[in-house]
Each structure stands twice: as structure tokens, then as C-alpha cells.
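Colleague: The chain contents come next:
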Amino acid sequence: MKLDAKIPAGPLESKWENHKFDLKLVSPANKRKFEIIVVGSGLAGGSAAATLAELGYNVKCFCFQDSPRRAHSIAAQGGINAAKNYRGDGDSIHRLFYDTIKGGDFRSREANVHRLAEVSGHIIDQCVAQGVPFAREYGGLLDNRSFGGAQVSRTFYARGQTGQQLLLGAYSALSRQIGAGQVQMFPKTEMLDLVLVDGKARGIVVRDLVTGAMESHAADAVILATGGYGNVFYLSTNAKGSNVTATYRAYKRGAAFGNPCFTQIHPTCIPVKGDYQSKLTLMSESLRNDGRVWVPKSKGDKRAPADIPDSERDYFLERKYPSFGNLAPRDIASRSAKEACDAGQGVGESGFGVYLDFADSISRLGEDQIRARYGNLFDMYERITDENPYKMPMRIYPAVHYTMGGLWVDYNLMSTIPGLHVLGEANFSDHGANRLGASALMQGLADGYFVIPYTIANYLASSKLEKVTTSHESFKAAEDSCRKRVGQLLSIKGSRTVDSFHRELGKIMWDKCGMARDRAGLQEALKAIPKLREEFWQDLKILGTNEEINQSLEKAGRVADFLEFGELMCLDALTREESCGGHFRTEHQTPDGEALRNDENFCHVAVWEHEGDATGPAKGHKRHQEELVYEHVKLATRSYK
Amino acid sequence: MKLKLHVWRQKDKAAKGRMVTYNADNISPNMSFLEMLDVVNEGLITTGEDPIAFAHDCREGICGSCGVMVNGVAHGPQDATTTCQLHMRSFQDGEELYIEPWRAKGFPVLRDLIVDRSAFDRIIQAGGFVSVNTGSAQDANAIPIRKSDADEAFNAAACIGCGACVAACKNASAMLFVSAKVAQLSLLPQGQPERQDRALNMVSAMQNEGFGNCTNQYECEAVCPKQISTDYIARLNREFIKAALTYPDAKK
Ligand SMILES: Cc1cc2nc3c(=O)[nH]c(=O)nc-3n(C[C@H](O)[C@H](O)[C@H](O)COP(=O)(O)OP(=O)(O)OC[C@H]3O[C@@H](n4cnc5c(N)ncnc54)[C@H](O)[C@@H]3O)c2cc1C
Ligand code: SF4
Ligand code: FES
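Those protein sequences? They're chains H and A, same order as listed. Quick note on numbering: the first sequence equals residues 1 to 641 in the working numbering. Quick note on numbering: the second sequence equals residues 642 to 893 in the working numbering.
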């Protein structure tokens, strides 16, 4: 496999400008001759579909929810970064670039990250023009807050519902194009396979989730913007339908997968309550602007938080990271919470929790001010836990939240399959081994609004694309294999439900490939997962047929892919003999327990290639490397002390 | 906790539905309502009965996917709460619950508790946007907006498109949903150029989708999980009348 990241030559600051000039254009009259498939209607897919349609391309957009407005971007709470420097607090494109590279623990591409920082300001402009009601100050100008890993205030927000408001902005632009007939929208439609013709991505096979009909769609280029795969852990902050199916199917068709083991465990989520738990709820990182994280100094201290005097509390983030304090990056904050709980200082029934305490801020700013900033989050917390966070500290614990890994893409956001582009959380591109808060929304919208419209034109203008229709044999073969697979799932008629398998896989992944990983554990997981997969294919029980709304069948298809993909994650974690960002291998740590990188051997993207037939089980996974070259940033030990 | 559930079962759009009774045992008060249904479904699958189909995704009250009638109330008994955020501690041990889908001409039932809400998307497509192409925007701070207007626009924009307002309304009116979008954009300078067309086009799309008119029953506001205020309906009415008078020939 030849990996060419296609990073433009020239100085960092002008790479994107020059590249845009060098890219080929498609003339307005020719745009309408091209069909583009966009799978996903979240920030990345929604913004891409709308923008490409505005430009005049014919777009087909797909999502599995009943409306594009319900993509999981809707759930993002805290905010979106942009290097506007409206505060005059020393922010700049270069600082956002630097913070992101450092936050990612020096495992992302300089050129991509710089471009992201460059376009970040335009995103805010575009969203405001659409009517996104960002928070404002009394003077009428936009307000900002701070997020982890930064010492400037560059995060724009709309109360605790920033993702919702940004997505509704993209959705409104998309709706306008649907109304104009330029986008054909397919909600409740799930992509099951990617179709290649002459080595190029030329279409997809989908299942209509209402009727069960399998259908093919052909196009000149395919964009996947299908979100992250955190649900491989069963419990995560992702929506129940979030899946790896689209990207994993593309992987099996030949698209390389970058850094699959890089997952983000978010420090502030509501702790697990019982074994019926179906998902975890995030409490936005923005809360760490005003909340202080602590545990009792002594082990097993069961006193009520109010009865523990200040001198007997350990504000461990402030103690360990005085200059960033409670706003230390996510990977560090999560690991510190885990350490405290593992040491017996955890709080709550299970002992897997730490306090996030607003008492000081409430006495400083008043309850009203705190309500204005975080009201909806406090309400959500109370609804779930039945505890009033204005009166007593929240209890939080880390949970799976985001996947930095994803399909490998070059600078043009194209995967190793010509014509297949990947945007948003589904690609691996900009966050290295740890994503900073408020940077996923930025990346999704950067990819969709400001990058893909340029780069896809170049692909379309410079490729020879024969006319292809869905009657081509590649489509027929892919449809057949999808039908066969559904048939297989339905015919097992075993005894265990899909959820029981998913939970079991999730537990393996969390225990062995979660916040801390080690060789022995990963090796165990690599034995346990294939065994579980085998059992799945022998003992799964799904009722009903394909030709109806069948939610168990939908889940089963996704879990079947997770059962293969989990193995790839563990393999990647096992091979990366270092700790970096969210990937913490206990064998590789500094004497004071910080992640110990190995730049000499691992300053690269691990790029995996599927071996074996696309429709059969994986025969193996081959590892390639994209070396990361740092010309502008000096590799340093990340310090937030 | 133990509960008795009466659940609407309907195989598909064409089938005739009926209420079926199930026992839900071993329910923890800390479960969410949907987790309770998960537990019931696991039991049904084990005994060979089709699980109850219900729409859901985020399970944190923001995507707007979920929503059922619980004892005749959209999203159940707790104020300002979606079905997925409703917890079983809101119910008594031994209670009987009647669980049904939204019922409205504009929302046909697809299966069990799942309805087709695509009409809402079509209403937005008729005008729920600001026509601004990507890349043509000026600097964000070049448009200062009074804080109170921005906050009010946000309150309106918080609608999650769940459809509870329609389900609760005896006229199956979608006015609260429509008014929230119209209000958001009419409060902001960005929304001004299309203000009149938006009101006319969205209202006429709503009527074409078979939703009824508003007769000020306020049931919508009472069930709305995002507490969208009926003040917006009054605002929409004013917008609509003004637009109809100003542009009698506007396309409707
Ligand atoms: C609770 C929560 C809070 C967050 N808060 C923040 C924040 O404050 N700031 C920030 O920057 N980031 C935040 N993030 C991260 C950020 O929200 C996501 O990374 C980002 O929104 C992902 O956008 P996306 O467009 O890539 O994918 P998504 O929004 O997940 O969209 C995926 C789309 O793909 C479709 N899809 C998926 N699979 C298929 C398939 N097989 N067939 C058809 N369609 C498919 C879905 O229907 C959907 O339309 C948060 C994430 C979570 C979970
Ligand atoms: S107005 Fe309220 S009830 Fe109606 S769709 Fe919006 S959020 Fe749901
Ligand atoms: S499942 Fe998303 S709002 Fe209830």
C-alpha cells in the first residue's frame, strides 16, 4: 500500500492558500453533471451536502435517523473553538495550531492542523450568518469561554447546546437545498457496503430501515461522514445508533484505517448506576471552568461531601497541574480520576466517582450566574441522578466519548480508495492521540464547509470517470452479499440477544483497551473477541424478518462489525509500544505516572490494511506507517504542570 | 418495582394496531423509561415475542427521536422532560402505564410506538432557513445583536422537533413547532430579508401536511420538553398577518 499524504510544499502558513489555487476546478456548467453521495448528516455530512449542492452538484445524502437533524452532532454541549482573538487574550491561528498539535500529543499532521486553525474563524462567520444563536455579551458581541488544554478563551457556545445549534444551522442549509431539489435526502436508510468500480468508489448499498429493501446508489464520488465508533465499548456518550459499519465496510473494501486504538475517554460523565445502563451521559467539559474536581484525602471516606473540610480534600488536578488546574486536557484529567479511584479515594456507592464541585463558584458568582451558564446541564444531571448539583457536588467518572482514529485520509480528505472521501469524526485526521475540547465541531464543519468543496472538485476534474449505473455487476455483487449477510443473521436462531453480546464485547474493550492498557490484557482481549464473535454467529437470536422495521436486526449488523473492529483496535493498541494522549500503555510511563512517548519508533500514524476478501472474515490486518514530520513544532514532552 | 404496561402494538403502517398487556418486573427506580422498555424487550425476545419498537437515539433529551404517550401525556408525567430522560422514580410500584405512539394525521404510525415525522422536515424545507451560501458571510462580530434578542432567539431555537406539541393538541396543530423557528429567525437581523416569505411558506406547508389550526388550548406548551412558549404562536400570528397584508401576492 502506497501512502501519500499529499501535503503541499511551501511554508506552513501558505500551504492551504497555494493548494487551493493549484487544485483543479469544475466549471459551473459541469458541476450539475456530477453526482455525489454523502453518507451522514451530522456537522460534517450536513455541511458538506449543503455546500456541494449550493455549488451546483447533485447530492444524495443518507442518514439512519428519521431526520437529518437528529445526527449525533446534535448532542455536543460545550462549544466550538475558533482563533478569532475577539478577547485580545493572545490567541492566534498559530496558537490554536500549536495547542491542537500539543493537545494531540504530537501525533497529528502539522499541515492539516494548521489549515483547521486557518478556517476556524470562517466557521463562526458562516454559522452566525445562518442565524445560529451563539451566546453574546451585553454589548451585543459574541461571548467566549475556556476549554481544556488552552490558556486563552476561544470557545464559542450556545448555552450547553452548541452542537444542537450548529447542527440546526447546517440542517437549515441542507433543508434549503432539499427544498430546491439539489439534495435528495434519504433518512432511515443505512449504508451497508461501499461499491468500487475499476478501483474507484462509485456507490453504496443501503437498506431502507422501514421496508428492509436493499438498494444501490451510484455516483461519481462518495463521502463518508458517519461519525465515531465509541459504541464498540457498548457504554459511551454516543447515541445508540452510532456505529462503525460504514467505515469498517469501507475498510474491508480497501480503505486504510488510521490509529484505530486512539479513543478519548472524557473525564466528566455521570457514573454508571446499574447493569441495565444503556448509555452514559456527558457533563460538558465547560463545567470545569467553574467546577473544582476533588476526592477525599483518606481512602474509603464515606462522609457526605459537605462534612469533609477543605483540608481533608485532595483537589488533585489543581495539585498536580497548577498552571492548567481543572482545565488539564481530557486524557490527563481522566487518568487522574481513575488513579484516585483505583487508590480507594473514589466516591459514591461504587467508588468509581470523583466530585465536581461548584460551591466556590456559586458563592463567588451567585446561583443565577451559574444557572445562566450551565442551567440545562444541571437540570439534566438532576433528572438522571435525582441529586441537586446546586446544593451538592456532582459525581463524575470518565467515559468513552470520541474516537480520534478513523479512516486514513490524505490532505485532500481522500482515503486510500480513489473517490472515497471521509469527513468529521469518521476520519483520523486532525486530533492525533487526544482531541481538545470544542475541536470536533470545528473539524467537522471545517471539513464540510471549507475543505471538501475545494478538494473534491480537484478529484472530479482530474479523474477519468466512466458512466456507471447500479446495474453494473459490482453493485449486484455487493447487494447480494448484503442480502446474504442479513439472511445469515436471521437464520442463526440461537438463544442470546444482540444486546447481551454487545455488552460483553463492551466490557472486554473497557477492561482491556480502555483508559489503561497493557500487553497481557490486550493479548487476552485478542483471544476473547474472536471467541465471542464465533458465539455471536452461532447463538444470536433475532426475531422477525428483513422486510419490516426490525431494530434487533439493525443492531445485529452493527454489533457484528464491532466484533471484528474491536480486534483491530486491540491489535493497534498492542503494537503501539508507547503511551501518547488517550493511549496509555502502563508499561510506558514516567516515574510520576505521565504518558511516556516513544518518538524514535512511534512518531507515525499506524495505518491498517485489511487482508482477505471484502465479504468474508478478515484474514489479517497489515500495518503500515505514515511518518509524521514536524517542521514547525518541536517535539516536546507535553507538560500542563 | 413492578409495573403493568399496556402497549400499542402495530406491525406496520397498514396493519391494525391494538393494546397488549405486559408485566414489567425487576424495574429499578433509577432506570430511564427507555431502559425499562429495554428490559421488557430483552424478556420478550427470550420468550419469542417481537420486541416493542420505539424510536430513540441520543437518550439525553436532545435529538428529538424519542417520544411516546404515557397515560395520555406526551413524554409522560415529568415537566420539561423527554421520554428518554424520564426516570422510573416518577412512577409508583404497582402502577399501570398506558404507552402509545403520537397520534396525528401528519404523523402516521410506522410500527408500534414509531411514527413518521418527515412532515416536520418538509415544513423546514419550505422556509426554515436563512439563504446564505457557504463562504459569503461577513465577520461574525460585524452583526452585533442585543443580548436579550439573542437569548430569546436561543430559547426559540431550542426546539428538538420531537412532535409532542402535535401529539398533545386536540387539533394536531404544529403551530408551536413552526412558531419556534419563525420566531428564532425573525428575532435576528440575519432573518429579516426572508421574514415575510418564511412565515407564509412555513404556515402553508404546515397546512398542506395535514396539521390542524391553533385554537389556543396551550396543551402544546404544557408537554414541550424544551418549554417552548406559546408566546411564539402569538408572534407567528402577527408575522403571518403582517406578511399576508404586505405581500398579498407572495407565493404561499
Ligand atoms: C455528548 C457529546 C458531547 C460533545 N460535545 C462536544 C463539544 O462541546 N465540542 C466539540 O467540539 N465536540 C463535541 N463532541 C464531539 C462532536 O460532537 C462529534 O465528534 C461530532 O459532532 C461528530 O460529527 P460528525 O458529523 O462527524 O458525525 P455525527 O454527527 O455522529 O453524524 C453521523 C451521521 O452519519 C450517519 N450514519 C452513521 N452511520 C451510518 C450508516 N451506516 N448509514 C447511514 N448513515 C450513517 C448518521 O445518521 C449521522 O447522520 C461531543 C460528542 C458527544 C457524544
Ligand atoms: S415545540 Fe416542543 S414539543 Fe414541539 S417539536 Fe419542538 S420541542 Fe417538541
Ligand atoms: S432519544 Fe434523543 S431526545 Fe430522547
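Treat the hints loosely; a few may be bogus.
Stated by the list, open to error - So, partial list: chain A residues that the calculated Cβ filter (under 10 Å) puts toward chain H:
no. : residue
1   : K652
2   : H697
3   : D734
4   : L751
5   : I755
6   : D792
7   : G802
Claimed, not checked - In silico SDA-like pairs for lysine to any residue, Cα to Cα no more than 25 Å straight-line:
no. : chain 1 : residue 1 : chain 2 : residue 2
8   : A       : K788      : H       : K273
9   : H       : K555      : A       : N774
10  : H       : K493      : A       : T687
11  : H       : K20       : A       : K643
12  : H       : K541      : A       : T688
13  : H       : K15       : A       : S777
14  : H       : K302      : A       : S669
15  : A       : K788      : H       : R364
16  : H       : K252      : H       : S474
17  : H       : K273      : A       : K652
18  : H       : K493      : A       : S669
19  : A       : K652      : H       : K15
20  : A       : K645      : H       : L543
Please keep in mind that the hints were generated in silico from the structure rather than gathered at the bench. Glycine is no exception: its CB is placed at the ideal position from the N, C-alpha and C atoms.
Colleague: A separate judgement is required for each hint: does it hold in the structure or not?
Modeller: Verification of the hints:
Residue-level restraint check for K652(A) holds (minimum Cβ-Cβ distance to chain H is 7 Å; threshold 10 Å). For H697(A), the shortest C-beta to C-beta distance to chain H is roughly 6 Å, which falls under 10 Å, so the interface hint holds. The interface hint given for D734(A) is broken, as the beta carbon of that residue sits about 16 Å from the closest beta carbon of chain H, more than 10 Å. The restraint placing L751(A) at the interface with chain H holds, with a minimum CB-CB distance near 6 Å, inside the 10 Å limit.
Residue-level restraint check for I755(A) holds (minimum Cβ-Cβ distance to chain H is 7 Å; threshold 10 Å). Checking D792(A) against chain H: minimum C-beta separation of about 8 Å stays under 10 Å; hint holds. At its closest, the beta carbon of G802(A) sits 6 Å from a beta carbon of chain H; the interface hint therefore holds under the 10 Å criterion. A distance of roughly 40 Å separates the Cα atoms of K788(A) and K273(H); the hinted pair therefore is violated under the 25 Å criterion.
Restraint check for K555(H) and N774(A): not satisfied, since their Cα atoms lie roughly 37 Å apart, outside the 25 Å limit. For a cut-off of 25 Å, the pair hint linking K493(H) to T687(A) stands: about 11 Å separates their Cα positions. Distance restraint check for K20(H) and K643(A): the Cα-Cα separation of roughly 64 Å exceeds the 25 Å cut-off, and the hinted pair is therefore not satisfied. This hinted pair checks out: K541(H) and T688(A) have alpha carbons roughly 11 Å apart, not beyond 25 Å.
For the given pair, K15(H) sits about 22 Å from S777(A) by alpha-carbon distance, which is consistent with the 25 Å threshold. In summary, the hint linking K302(H) to S669(A) is supported, as the alpha carbons are separated by about 24 Å, within the 25 Å threshold. Under the criterion of a C-alpha separation no larger than 25 Å, the hint pairing K788(A) with R364(H) is consistent with the structure, at around 23 Å. Of the supplied pair hints, the one linking K252(H) and S474(H) holds, its CA atoms being roughly 15 Å apart against a limit of 25 Å.
Distance restraint check for K273(H) and K652(A): the Cα-Cα separation of roughly 34 Å exceeds the 25 Å cut-off, and the hinted pair is therefore not satisfied. In summary, the hint linking K493(H) to S669(A) is not supported, as the alpha carbons are separated by about 30 Å, beyond the 25 Å threshold. The suggested pairing of K652(A) with K15(H) is violated, with an alpha-carbon distance near 57 Å, which exceeds 25 Å. Under the criterion of a C-alpha separation no larger than 25 Å, the hint pairing K645(A) with L543(H) is consistent with the structure, at around 24 Å.
In this structure, the hints that do not hold are numbers 3, 8, 9, 11, 17, 18 and 19, in rising order.
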